[in-house]
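Visitor: Sequence lines, in order, name chains A and B.
So the first sequence is residues 1 to 162, counted in the numbering used here.
So the second sequence is residues 1 to 292, counted in the numbering used here.
Don't take every hint at face value.
Claimed, not checked - Here are some, though not all, of the chain A residues that point toward chain B, as calculated from beta-carbon distances under 8 Å:
(1) THR73
(2) ALA78
(3) LEU113
(4) GLU131
(5) ILE135
Stated by the list, open to error - To give a feel for the contact side, a few chain A residues facing chain B, derived at Cβ under 7 Å:
(6) MET17
(7) GLY46
(8) PHE66
(9) GLN74
(10) SER76
(11) TRP83
(12) SER87
(13) GLY109
(14) VAL111
(15) ARG134
(16) ALA137
If you're looking for bench data, these hints aren't it; they were derived computationally from the structure.
Each residue gets a CB set at the ideal place from its N, CA and C atoms; glycine is no exception.
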Amino acid sequence: MSAADVVATVTDPELPMVTLAELGIVREVRETVDGVVVAITPTYSGCPAMEAIRDDIVRALRDAGFGRAAVRTQLSPAWTTDWISESGKAKLAAAGIVPPGAAPRRTTGPVPLVLGTRAESVACPLCGHAETERISAFSATACRELRRCPACREPFEHMKEI
Amino acid sequence: MSFDDDAYGALTDHDDDARWAYGTGFADPLAGVPTAVPGDLDRACLAAYCLMLGDDALVMSHRLQQWVTRAPELEDELAIANIGLDLLGQARLLLGRAGEVEGAGRDEDALAYLRDAGEFRNVRLAERGDADFAHLVARLLVFSCWRLPLLDRLTASRDPVLAAIGAKGVKEVTYHREYAAQWVVRLGDGTDDSHRRMRAAIDAVWPAVGELFETHQVEARLAAAGVAVDPALLRPEFDEAMSQVLAAATLSKPMDATEAGPSGRDGAHGPELGEILAEMQELARAMPGGVW
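Just chain A, same shape as in the assembly:
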């Protein structure tokens, strides 16, 4: 197994149904004479899972026989939900978390301020109702938001497009 294969098996500590690779946060796995160097991109600057992710990667590599491993943080280009793979999105959906649609793209000018509900329509994962409402832009983690279905009244989580 290559170091990249080993890193590809490590799952996210807060979303254990997907691997770090499926989440699109693994930028590079490089085998050097000084050991393996892995570059990962945080989903958010303050993501508290980064240290656990780093430990998990180092442990997986060590258990697979790679002696030394260093994990580095790559900030730029900033992570976008567009990097979540199709298999990752399918696994999120299977776990009841509605996967993100295409991330918004801004060309020039100021960041637009959205005061009403955001334009994207997110269908209810439970009953299929097309329009749902946001309860909160933040949920158990910064990358998810809390929504509610007006038809079946059930709350659910949606991964925000960024």
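Dock chain B against chain A, hints included.
Guide: Then chain B, alone, in the frame of chain A:
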């Protein structure tokens, strides 16, 4: 060893250097961006600028954390905690960069925990206490309407680390501004009582607005060198966003009135910063060299 047998032992029962929690005493080395300081730049000046933006985020984050367990609803508890966490992440990156550029052996922990109030460079808006939830969202709105265009312009900085921090932060502060704006609208355009309290909160925060757009000499020098953002240039975008929110909230914009006195950018702070630091630095000061 299982958690049931010996909880403390289970936390430390491993044969590598992984830890059960990370508070201090670790660093996140960067990849993908050159960390060398562009040769023509004054290192002390760049370090001072990183401290300014880092201290804004650190102090604001601490104020947000103080709302955890006191928010009106669980959803707001989560939102405020997440916003505070985003800003803490930005603060760590900026203080880390400040220490690296300064080259005097101070890391992010030393800068956060071992400086006195007079050495902090945050704008005074960040340290203000909040009399009620309306004051919090008013302050968060002003802070975010100012920081968002700042980080957006920082993406063009000649310092590659600052540019990368800006690019990451823009996405986050977009959500912070939206959260604060929606609460200001809900309370302003709500009941008579909520309108009155929201108006009082906007009036109370407004004297702190002027300082945000005063150009410090460090900012002026580095803006001329293509590294920093001159905050004076941010005022039109700030005014535009504030007008949009206040109109929707049926609130009028207060008259501009700058608080007299020296700036937080020069280390002049109110007693409120001392209170924040007494809480934030207590453990680090009581246990020198301690890691948790």
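Visitor: Each of the hints needs a verdict: does it hold here or not?
Guide: Tested hints:
no.	hint	result
1	THR73	4 Å, holds
2	ALA78	5 Å, holds
3	LEU113	5 Å, holds
4	GLU131	19 Å, violated
5	ILE135	6 Å, holds
6	MET17	21 Å, violated
7	GLY46	3 Å, holds
8	PHE66	13 Å, violated
9	GLN74	4 Å, holds
10	SER76	4 Å, holds
11	TRP83	13 Å, violated
12	SER87	24 Å, violated
13	GLY109	9 Å, violated
14	VAL111	5 Å, holds
15	ARG134	10 Å, violated
16	ALA137	6 Å, holds
When held up to the earlier numbered hints, the structure conflicts with 4, 6, 8, 11, 12, 13 and 15 and fits the remainder.
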